[in-house]
Amino acid sequence: MSLLSNFELAESRKKQLEGLPINPTGVVLEKIVSPTEALINGKIVILAGTNNYLGLTFSKDCIDAGIRSLETQGTGTTGSRMANGTYSGHLELEREIAELYSMPYSMVFSTGYSANLGTMAALLDENNAVLIDSEAHASLFDGCRMSGAEVFRFKHNDPSSLEKRLQRLGERANSTLIIVEGLYSIRGDCAPLREFAELKESYNSYLLVDEAHSLGLYGRYGRGLADQLDILDKTDFIVGTFSKSLGTIGGFCVSKHPQLGLFKYSSRPYIFTASPSPAVIASTRSAIKLMKEGDHLRKNAWESARNLHGALESIGLDLHPIPSPVIGVSFQSEEVAIQFWNILLESGIYTNLILPPAAPGGGAVIRCSVTAAHSVEQINKIGACFKSIAKELGLSKAA
Amino acid sequence: MELAEITKTVISLARKVDEKNITLTPESALVADLGLESVQIIEFLCEVEDHFDIVIGEDSLADVVTVSDLAELVYHLSREKKL
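These protein sequence lines map, in sequence, to chains A and B.
Each residue of the first sequence is one higher than the one before, counting from 4 in this note's numbering.
Each residue of the second sequence is one higher than the one before, counting from -15 in this note's numbering.
Extracted from the complex, chain A is given alone in its bound form (with noise of 0.2 Å):
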């Protein structure tokens, strides 16, 4: 078998998503218009699928922050930090989420996909178990893969399933680190953390929260859920993105335990990578001063998530049943997810197509995601194209 003919499957794939009328894939923000606006194929069209829970990106005071910053400290560092590429913007930075949390150490990484990596790779090694819940993020489980960690997935979200598999390992519970995130991506639904974290207490073991999409959301300041169920306090490390509900790009890992002030000698994808720009740190840190005092951002968010919704409840559609300002719909049907998902972009609403293997239990997902920034109006005119699209498609409750 030749080198390159281990492109067949991903060729496969590529000829599958060209051959739909829009490979969802491919499409192309042409100009970003507003936090909830964006030119696609040349036509304006709501976002319904980014990240940017808080609407930050166009924040006045985080692009000032970034503008001073670039004028004062230019473009980039040029290296890692543990070289030249630590300035005292990254320190105040990880001393400034260390406080958010009332935690002695954080560490900032110059991705989330890293900061998931970093601390994976620094915290484990082959003599270490790992239980992981089976629908985690792709980076929690290449962070477990590169340390080199005995690797068990439990069922999502099933305390039992963790239970049982803890039960198992016996005496290696007590080395073993349980890996869960707060909000999942794809359907919205939410941990059930302090079911986990008693367990965790149970058995001596150690958990890892990944706040990525409940950072901003969840919890007082913002500090996401494991804050909001009150069990920061049995949770060993809590890793997060800032490319999302902060609006800029890298990632932290915070925690009580000091070790993780020794993470910057062991963790190579800490080491062997450039450190996050100054103007990125500075934007980042302005956002999370706007996400501490940020409340009404909260409620605005939520409040569009339970308006959403509710509206595609009443359709009909498959939801997870408890709102979150995540929303996916599930389909059983492949192609009616394509072509539902086609209708929207063309009815001029932009959301996030999953599928297989990405979406969970089989089928498609149409992601939808809702923002503070988002209005009354853009999210009454999403439900209403949905609920028209439904109709057309006969999957409506009327239909």
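It should be emphasised that the hints constitute simulated quantities derived from the structure, not laboratory data.
Here the structure is a predicted model, which means the values were calculated and not measured.
Among the hints, a few may not be true.
[To be verified] Listed below are the simulated DSSO-like cross-link pairs for lysine-lysine, each with C-alpha atoms no more than 27 Å apart in a straight line:
| hint | chain 1 | residue 1 | chain 2 | residue 2 |
| --- | --- | --- | --- | --- |
| 1 | B | Lys4 | A | Lys394 |
| 2 | A | Lys384 | A | Lys394 |
| 3 | A | Lys18 | B | Lys(-8) |
| 4 | B | Lys(-8) | A | Lys167 |
| 5 | A | Lys394 | A | Lys63 |
| 6 | A | Lys17 | B | Lys4 |
| 7 | A | Lys46 | A | Lys17 |
| 8 | B | Lys0 | A | Lys158 |
[What the hints assert, rightly or not] What follows is a set of in silico ranges between Cβ atoms, one per label pair, in the way DEER data are often shown:
| hint | chain 1 | residue 1 | chain 2 | residue 2 | range |
| --- | --- | --- | --- | --- | --- |
| 9 | B | Ile6 | A | His299 | 37 to 43 Å |
| 10 | B | Ile6 | A | Gln335 | 38 to 44 Å |
| 11 | A | Ile47 | B | Ser(-4) | 54 to 60 Å |
| 12 | A | Pro359 | B | Leu(-13) | 41 to 47 Å |
| 13 | B | Leu(-13) | A | Glu337 | 36 to 42 Å |
| 14 | B | Asp34 | A | Lys63 | 51 to 57 Å |
| 15 | B | Ser(-4) | A | Glu99 | 52 to 58 Å |
| 16 | B | Glu3 | A | Lys394 | 25 to 31 Å |
| 17 | B | Gly19 | A | Lys17 | 18 to 24 Å |
| 18 | B | Leu(-13) | A | Lys17 | 38 to 44 Å |
| 19 | B | Asp34 | A | Ile70 | 42 to 48 Å |
| 20 | A | Gly29 | B | Glu3 | 27 to 33 Å |
In this text, a Cβ means the ideal position worked out from N, Cα and C, and glycines have one as well.
Start from chain A and add chain B according to the hints.
Frame of chain A; chain B shown alone:
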């Protein structure tokens, strides 16, 4: 439990997720023949783990292609647990 009995049990567990309703044999390939999506594979493996009261690490699945491969893995993990 002997290997033959484990193989029979794995086949009966696989039947529950076999949407194509094919005739399953020890040589049936879990992905190619059953046509399972990755999520269904995970659900199926969780059922196998729960039935035999074992845990199956991701690395040990690298060489598992057929029902028979999985049954052999289960057999070894079950024996290790007893030792």
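(message) Next pair to validate is B/Lys4 with A/Lys394; report whether the Cα-Cα distance is within 27 Å.
(response) Not OK: B/Lys4 and A/Lys394 at ~31 Å, beyond 27 Å, violated.
(message) Please verify whether A/Lys18 and B/Lys(-8) have alpha carbons no more than 27 Å apart.
(response) Violated - the C-alpha atoms of B/Lys(-8) and A/Lys18 are around 40 Å apart, more than 27 Å.
(message) Between the alpha carbons of A/Lys384 and A/Lys394, is the straight-line distance 27 Å or under?
(response) Measuring from Cα to Cα gives roughly 15 Å; hence the hint holds.
(request) Using the Cβ atoms, figure out if B/Gly19 sits within 18 to 24 Å of A/Lys17. (result) For A/Lys17 against B/Gly19, whose Cβ atoms are near 21 Å apart, the range 18 to 24 Å holds.
(message) Looking only at beta-carbon atoms, does the pair B/Leu(-13), A/Lys17 fall within the given range of 38 to 44 Å?
(response) holds, 42 Å
(message) A range of 27 to 33 Å was offered for this pair. Does it hold for the Cβ distance of A/Gly29 and B/Glu3?
(response) holds, 31 Å
(request) Go ahead and decide if the range 38 to 44 Å is satisfied by the Cβ distance of B/Ile6 to A/Gln335. (result) violated, 21 Å
(request) Starting from the hint 51 to 57 Å, judge whether the C-beta atoms of B/Asp34 and A/Lys63 obey it. (result) holds, 54 Å
(message) Given the hint of 36 to 42 Å, is the C-beta distance from B/Leu(-13) to A/Glu337 inside that range or not?
(response) holds, 38 Å
(request) Evaluate the given range 52 to 58 Å for the C-beta pair formed by B/Ser(-4) and A/Glu99. (result) holds, 56 Å
(message) What's the verdict on A/Lys394 and A/Lys63, does the C-alpha distance respect the 27 Å limit or exceed it?
(response) Since the Cα atoms of A/Lys394 and A/Lys63 sit roughly 41 Å apart, the hinted pair is violated (cutoff 27 Å).
(message) Holds or violated: A/Lys46 and A/Lys17, Cα atoms, limit 27 Å.
(response) holds, 25 Å
Checked against the numbered hints above, the structure breaks hints 1, 3, 5, 9, 10, 12 and 19 and satisfies the rest.
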